[in-house]
Amino acid sequence: MADVLGGIIEAFELIVSGNPEIYGIVSRSLLFSGTAVILAILWGTPLAMLIALKEFRGKSIIKTFFNSLMGIPTVVLGLILFLIFSRGGPAGFLGIIYTPAVIIIGQAILVTPISISIGVSAIEAVDPEIMNLSKTLGASEAQAQIAVLKEAISGVILSDVASFNRAIAELGVVLLVGGGIGGGGNRTDVLTTAISRYIQMNELGFAVALGIFLVAIIFAVNMIVFMARKAPATVEFVRRSYPKIKRLIRERRR
Amino acid sequence: MTVIAELKKVTKAYGNKKVVDDINLQIHEGEILALIGPNGSGKTTILKILAFLENPTSGKVKFQGENVNFKNTEKERIQSTLVFQRTTLFGTSVYNNVAYGLKMRKVPKAIIKMEVKKALELVKLEGFEKRTARKLSGGEQQRVAIARALVLKTKLLLLDEPTANLDPKNAGILEEVIDKVNRKNKVTIVMATHNMFQAKTLPHRIALMDEGNITEVGTLIEVFGKLSKNLARFATVDNTFTGTATATSAGTSIVDIGNGVQVEVTAQRQGEASIFVNPQDIILSKCAIESSARNVFKGKITEITDLDSLVKLKVDVGKSFTVQITKRSFLEMGLNLNAEVCITFKASNAQVF
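Top to bottom, those sequences are chains E and Z.
Following my numbering from start to finish, the first sequence increments by one per residue and tops out at 1614.
Following my numbering from start to finish, the second sequence increments by one per residue and tops out at 429.
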């Protein structure tokens, strides 16, 4: 019990003192997962638009496929990527195994089904007349699609947040292709692998500090998105309430 | 008279089902043309073809003298805009909704601001710019949709049942706006309606539609003046009935519309006649009321449709009458399906064709 308590106290000391190792790992995690999510958005959103807005044979099979992939175990994906990118694998010539590049690619692949599946649901939930409405108001096909995407933006952002949460909290991919078992060293050390490593080394303070950061990042990202979505309503509420508040103050002064 | 748009032998089919079948129609510049017909008669499909949102399965469409190539209709869509029956708004402010089409046309910001203000004034929504469009009442939302179309000043304005689900106040405002933009700005308007009353007051010409065909086209006098055979098939249009009229010594007429229902009208008629009663002109009560109204019928409620602030009811009195009342009245009266009610309307409210 004393060890645990000591670990927690040490964790807070490490956070407050700005320990460079801790902050290095945190910033590396944010960079890798952030880049991976941006990549997933770049290829996932157009794909989601295509699946949601076009009618084609096999559409429901593709949707089911991506839905199923949302739950793929990260270790399995890590193993597949390891077999592809390891020196003897088909993409081994690239020489990116145990580098940040392969972690980013791996996490992007991991979260793409989330970006697509939730994105498709959000776009399909938009009033189907929005497309025709935009067109009859003079929009081109592409502009009309952007109008639909704008209507679905809350859901699309939600898919991006879910993707980020999954990427930053996953362990399997970084462990297998990032060097956790082969030796990528500090270059590929992220929050989840570092927590696991520090526990093995019995460095409880470091592990707890990183755990606090991991949870705080997930909470912070969700809070920021929540507040951003609520911002227009808050501004509208203040704008509408302002004359009433002004009148009340004036009456009180009298 | 210049023809702005023309449909030549146009057919539109979804699978094996033809919704528009081999129709020919000319739309003259500066006119208001009303497409009248029951639900499913093909009115909306024609409007969508004229808005270049749907391509015909066969036939030709000419717009401003040129054949339309439906593979790319971006150029034509700039000159023709459609206001949908079910109000569809972007999930943003009233300003952004009305400004959307102008932004697509890359109009400078200062001009957009001015034009949006003018359009909102026209539909009596001045000062609504910053309001969230989807939080407005049904009538206000439809007025935003009209303003959004009017601001574009297109050659052709297409309106699909523009006042179908509106209360009399909002419907009145829109009818005034439609009339004004047509007379002042010379905008050509094609509107779909199954409101016979509206069809008699707004348009210059009307086209009767039934089962995907245009059965009659002409001026109001031409179509309503003679007893059209097709009009008799319009029993599916709200409160339009055909029967035999007998003049009375009191200067009125009694029109027997069948099933023992006899409607007294102010016009003196003898022989075959069609009548129309505006659903808003009918008083609904739980029991017969003593009044000066000449037409009182007892019946049962067979259908209830919720229309935002209004409720549309079908009352079977031997013939099915549509009655429109406010939701407040509906709730206060505690009405439900199969409830026994009375409908009352004045002889002068029954229009004879």
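Hint data in this document are derived by calculation from the structure and do not stem from the laboratory.
Quick caveat: nothing in here was measured; it's all calculated off a predicted structure.
Be a bit skeptical, because a hint or two may be false.
[What the hints assert, rightly or not] Covered, in the sense of this in silico footprint (three residues per stretch, anywhere, with C-beta under 8 Å from a C-beta of chain Z), are these stretches of chain E:
#	region
1	1381–1394
2	1494–1500
[What the hints assert, rightly or not] Keeping only pairs whose Cα atoms sit at most 20 Å apart, straight-line, the calculated EDC-like set for lysine to aspartate or glutamate is:
#	chain 1	residue 1	chain 2	residue 2
3	Z	K211	E	E1489
4	Z	K147	E	D1487
5	Z	K124	E	E1501
6	Z	K179	E	E1415
7	Z	K211	E	E1501
8	Z	K231	Z	E408
9	Z	K182	E	E1415
10	Z	K147	E	E1415
11	Z	K151	E	E1501
12	Z	K124	E	E1611
Using N, Cα and C, we set each Cβ at its ideal position, and we do this for glycine too.
Hints the structure fails to honour: Numbers 1, 4, 6, 7, 8, 9, 12 - these are the hints that the structure violates, sorted from lowest upward.
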